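Protein sequence lines, in the order shown, are assigned to chains A and B.
Each residue of the first sequence is one higher than the one before, counting from 1 in this note's numbering.
Each residue of the second sequence is one higher than the one before, counting from 1 in this note's numbering.
A few of these clues could be false.
As the list claims (entries may be wrong) - Keeping only pairs whose Cα atoms sit at most 20 Å apart, straight-line, the calculated SDA-like set for lysine to any residue is: (1) LYS71(B) to TRP24(A); (2) LYS16(A) to LYS114(B); (3) LYS23(A) to ASP104(B); (4) LYS71(B) to ILE12(A); (5) LYS211(A) to HIS51(B); (6) LYS211(A) to GLN85(B); (7) LYS16(A) to ARG115(B); (8) LYS23(A) to LEU103(B); (9) LYS16(A) to HIS51(B); (10) LYS211(A) to GLY37(B); (11) LYS69(B) to GLU55(B); (12) LYS23(A) to ARG115(B); (13) LYS207(B) to ARG185(B); (14) LYS207(B) to ASN234(B); (15) LYS16(A) to ARG73(B); (16) LYS45(B) to TYR209(A); (17) LYS211(A) to SER10(B); (18) LYS78(B) to ALA129(A); (19) LYS74(B) to GLY124(A); (20) LYS114(B) to ILE90(B); (21) LYS211(A) to ARG14(B); (22) LYS23(A) to LYS78(B); (23) LYS45(B) to LYS23(A); (24) LYS69(B) to SER19(A).
Hints in this document: simulated from the structure, not taken from any laboratory.
Note that this is a predicted model, so its numbers are computed, not measured.
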Amino acid sequence: MKFFETLGRYVILMGKVFSRPEKWSIYYRRVIAELEQLGIGSIPLTAIISVFIGAVITIQMAITLESPFIPQMMIGYAAKETMILEFSSTVIAIILAGKVGSSIASEIGTMRITEQIDALEIMGVNSAAYLILPKIIATMIFFPFLAAFSMMVGIGGGYLVARMGIMLPNDYIDGLLYCFDSYEITYSLVKMTVFAFLITSISGFYGYYAKGNSLEVGKASTTAVVMSSIMIMIFNLILTQIMR
Amino acid sequence: MIKCENIFKSFEGRTVLNDISITFETGKTNLIIGRSGSGKTVLLKTLVGLHEPDEGKIFFDDICYTDLKFKARKAIRKDIGMIFQGGALIDSSTVFDNIKLPLDLFTDQTEAEKRERVEFCLERVELSHAPHLYPSELSGGMIKRAAIARAIVLNPRYLFCDEPNSGLDPQTSIVIDNLIQSITREYNITTIINTHDMNSVMEIGEKIVYIHTGYKWWEGTKDDILSSDNQELNDFVFASAMAKRAKNNLL
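Chain A with its partners taken away, still in its complex shape (with noise of 0.2 Å):
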C-alpha cells in the first residue's frame, strides 16, 4: 500500500512539475543556471572515473584475454563495448544519482523545512514546477553530453594504457573501428536521457516532501539516492530489452 502511495503521490507532483510555467523567462533562466551547476559541475567527477576504468578496463581485457588465438584488437573491441553500452550510462548515472541526486533533494528539502518553498506557494508559484522542472529540462539535456564525453575519456584512458604498453596502440585502435555500430551510442544516450529524468525527478520528489528537521532531510537526500539507483538499474533493464 505504502508503495502505491509513493506512486500516486510522485505521479502528482510530476502532474504540477509539468503544468504550464508562470513565466517561461523566468524558467529559461534557472534552466541555464541549473546547466551550468547539475551539469558542468558534474565534468571533472565524469572525467576523473571515465579515465581510470577506462584505463582498468583495459588493463582487465589484456590479462584476461592473453591468449594466442585472440587478436589482440579484441582488448580495445571489449573495452570499447563496455563504456558505450554500459559504463558510460548506466554506471555514470548511479554516480550522478550519488552526487546531483543527494544534491537536489537535500536543496529542496532544507527549502521545505526552512517554508521557503510555502513562501513560494502564498506569492502564488507553482513551487514544483519552479524549483523542479528547470532542473530536469537541464539534466535531459546535458547528461547524455556527459556519457558522450565519459566514452571518449573514458576509451582515452584506455588508449593511454595501451601506449604504455598494454598492447600495440593500432590494435587497441583496430579494436574501437571494429564492428563499430553508431545505433550503440543513440541507445546509450537514450538510456542516460530516460536516467537523468529518474534521478532528477525521483530526487526532487523525495526533497519536495521533506518535513521535520535537518535529519529528516539528511534521509529524504539517502533515499532520493537508493531509489534513484534502484529505478535506474530496473530501467536499464526494461530500456535493454527494448532497445537491444
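Take the given structure of chain A and dock chain B to it, following the hints.
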C-alpha cells in the same frame, strides 16, 4: 478585511482549530496570540491558504476564498504578502533578487522599473546598503526586514506575519513591529500578526485575538487586556510574577 467563519481544522484525528470566527480589520494590526501549540500558526496558515480548513469559510473582503478554484485563488495570492518566522528568503539568491522575484514572476515591468521598485522597498525597510548580500550573510533583524521588503514589493492588500520578531532582541523587535505597523497604515492593508511576544502586543496590538487549546478564547484591544478578568488570558499575558504585580499596581 479578512473574515473567517466557523473554521475547523484537524490533523490525523487531532482537532487543532475549533469553530474559529474572527473579523480582521483593514488598516489595523490584528494580532493572534496564544501559547505554543495553541493552534495560532495553523490558524494563520489556514487563513493564508497553506492549509485547507475541514469546515468553515474564509473571506478576503467580499470574496469567499474557500469557494474559489485553484486559478482564482492564485489571483488573490498576488495580493498577499507573508513574513515567515525564519524569513524564508531563497538561500541561493541575493537580497535584491529575493525582493525582485515576485516582480519577475507577476509583472511585465522593465528591468529598470523593477530595479527602481526593489530599491524603493529596500529603502523603506532601511536595507539599502545590503542588496548584494545573501541570506546567510544577514543578521536576524536584516533577514526580517528583507522578508518585509519582499512581502510588500507587489503592494499587497493583505499582510500575514508569523512571529516576525522571534529570535530578535527587544529593541530590534520593536523596530520590526513599528515598521509593520507603519506599512499597514501607510498602504491601508489588512495585517495579521501571529505572536507570543508581549512587547509586540503592547506596542502595536490594535485588535487582539487570544487562541487557547484551538478555541477563540478572547478578543479585544491592548487596553482591554489590562482590565480583562479572563483567567487563561491573564495567566498567559501576565505569566511572570513581576508582570502580575505590575498589572495589580495599574489596576
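Which hint numbers does the structure go against, in order from smallest to largest? When the structure is compared with the hints, numbers 2, 7, 23 turn out to be violated.
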